[in-house]
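Okay, here's what each chain looks like letter by letter:
Number of protein chains: 2
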Amino acid sequence: MIFSSALIENAVNEFARLPGIGKKTALRLVLHLLKQDPAQVKLFGEVVTRMRDQIKFCKICHNVSDQEICSICSNPSRNKALVCVVENIRDVMAIENTQQFNGTYHVLGGIISPIDGVGPEQLNIYSLVDRVQQQGIEEIIMALSPTIEGDTTIYYLSKKLKEFPVKITTIARGIAFGGELEYADEMTLARSISNRLPLESYVQK
Amino acid sequence: MIFSSALIENAVNEFARLPGIGKKTALRLVLHLLKQDPAQVKLFGEVVTRMRDQIKFCKICHNVSDQEICSICSNPSRNKALVCVVENIRDVMAIENTQQFNGTYHVLGGIISPIDGVGPEQLNIYSLVDRVQQQGIEEIIMALSPTIEGDTTIYYLSKKLKEFPVKITTIARGIAFGGELEYADEMTLARSISNRLPLESYVQK
Ligand SMILES: [Zn+2]
Ligand SMILES: [Zn+2]
Numbered sequence: 001m002i003f004s005s006a007l008i009e010n011a012v013n014e015f016a017r018l019p020g021i022g023k024k025t026a027l028r029l030v031l032h033l034l035k036q037d038p039a040q041v042k043l044f045g046e047v048v049t050r051m052r053d054q055i056k057f058c059k060i061c062h063n064v065s066d067q068e069i070c071s072i073c074s075n076p077s078r079n080k081a082l083v084c085v086v087e088n089i090r091d092v093m094a095i096e097n098t099q100q101f102n103g104t105y106h107v108l109g110g111i112i113s114p115i116d117g118v119g120p121e122q123l124n125i126y127s128l129v130d131r132v133q134q135q136g137i138e139e140i141i142m143a144l145s146p147t148i149e150g151d152t153t154i155y156y157l158s159k160k161l162k163e164f165p166v167k168i169t170t171i172a173r174g175i176a177f178g179g180e181l182e183y184a185d186e187m188t189l190a191r192s193i194s195n196r197l198p199l200e201s202y203v204q205k
Numbered sequence: 001m002i003f004s005s006a007l008i009e010n011a012v013n014e015f016a017r018l019p020g021i022g023k024k025t026a027l028r029l030v031l032h033l034l035k036q037d038p039a040q041v042k043l044f045g046e047v048v049t050r051m052r053d054q055i056k057f058c059k060i061c062h063n064v065s066d067q068e069i070c071s072i073c074s075n076p077s078r079n080k081a082l083v084c085v086v087e088n089i090r091d092v093m094a095i096e097n098t099q100q101f102n103g104t105y106h107v108l109g110g111i112i113s114p115i116d117g118v119g120p121e122q123l124n125i126y127s128l129v130d131r132v133q134q135q136g137i138e139e140i141i142m143a144l145s146p147t148i149e150g151d152t153t154i155y156y157l158s159k160k161l162k163e164f165p166v167k168i169t170t171i172a173r174g175i176a177f178g179g180e181l182e183y184a185d186e187m188t189l190a191r192s193i194s195n196r197l198p199l200e201s202y203v204q205k
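Going down the list, the sequences are from chains L and C.
Sequential numbering from 1 applies to the first sequence in my numbering.
Sequential numbering from 1 applies to the second sequence in my numbering.
By construction, these hints were calculated from the structure, which means they are not laboratory data.
It is possible that part of the hints are untrue.
All copies of an identical chain are treated as equivalent in the list; a pair is satisfied when it fits inside any one copy or across any two copies.
[What the hints assert, rightly or not] In silico SDA-like links for lysine to any residue, alpha-carbon gap of 20 Å or less:
(1) 162 <-> 38
(2) 23 <-> 186
(3) 24 <-> 185
(4) 159 <-> 40
(5) 35 <-> 13
(6) 56 <-> 40
(7) 23 <-> 160
(8) 24 <-> 97
Using the sequences and the hints, build the whole thing.
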């Protein structure tokens with residue numbers, strides 16, 4: 001692509017670094033911004049920069065947060081004895097969107113996957129064991145994608161938590177095996193949480 | 001969509017203002033940026049803001065430019081006696097990408113379209129007449145999309161330029177009637193410029 005303006009070329013290249021944005025789409029976005037008020041474009045740049053600069057990760061659950069403790073963990077009406085373990089913050093958002101879950105979360109930051117070089121030590125597992133040990137958690141819901149890696153992670157966590165008096169459940173298999181949790185529709189996801197199963201029945205199956 | 005972070009919610013909303021970017025895509029982009037180095041995200045914001053703040057429009061051809069006069073108009077090896085009239089800067093880029101055209105441009109900034117309330121006075125037509133009158137232009141290539149609005153604009157321009165000793169041509173009809181110039185492949189576009197026709201043969205047809 002040939003540009004007669006370095007300003008535009010640089011902006012197109014920046015947009016084209018984003019996933020799923022090719023050069024043609026990047027150009028379309030840049031030409032759109034060119035028609036906007038400079039103050040609006042400045043706001044766009046500032047909001048995006050501030051988001052990355054100021055974002056924190058909750059000291060309790062590792063969810064993204066504007067404060068040291070996220071708005072879910074600090075909400076007095078959420079059930080702190082019920083913890084939903086998820087792979088990433090997209091899963092938190094997917095479950096929050098169902099508006100059916102009143103517990104809290106624990107974001108692992110990934111899933112055990114030897115092929116990708118992700119072992120338990122790369123994930124937020126110690127802090128989960130700490131929470132169970134120290135905070136009177138009654139139930140852990142394993143809301144991991146129903147894949148081999150998800151099952152491996154559930155198995156590993158259940159061994160780590162075996163010594164504690166905590167009930168471990170898994171979300172109901174409303175989601176097809178191999179399906180991605182975050183792409184499930186809200187109805188399926190809400191139902192699979194309310195129909196959650198004790199871990200034993202899951203492992204036997 | 002429910003967010004536990006206002007920082008993320010604001011950034012998603014900003015991305016979702018862009019054309020063709022829905023909330024889901026916006027979230028995907030934001031979560032990608034969240035994984036990038038803050039300095040890289042800051043650069044993204046700065047490059048986009050600077051682009052909008054510092055962009056100029058060439059005083060001769062109305063193309064986007066980093067200077068008062070664009071890099072095409074100020075290039076001594078470009079043929080200043082040959083001017084290609086286009087609707088917008090995307091068309092300039094499309095033709096430049098063919099690397100087959102050595103003249104200069106005149107960006108109208110739109111096309112005559114009474115339905116959309118765009119009349120000749122909204123377009124860069126006076127400055128085109130000025131250029132023809134004062135700068136010894138020998139040939140004007142009408143490179144407008146082959147639509148009714150394109151034809152109307154060509155007809156209007158040809159009347160305005162009738163009194164001057166300038167040859168008016170149109171790009172060859174390699175592009176299907178109703179087709180958008182900017183989406184034509186480079187081969188078709190390059191060929192339709194090199195096979196351009198005198199206006200008379202176009203109007204008769
Ligand atoms: Zn939290
Ligand atoms: Zn110019």
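- Query: Taking each numbered hint in turn, which are not upheld by the structure, reported in ascending numerical order?
  - Reply: Failing hints, ascending: 1, 4, 7.
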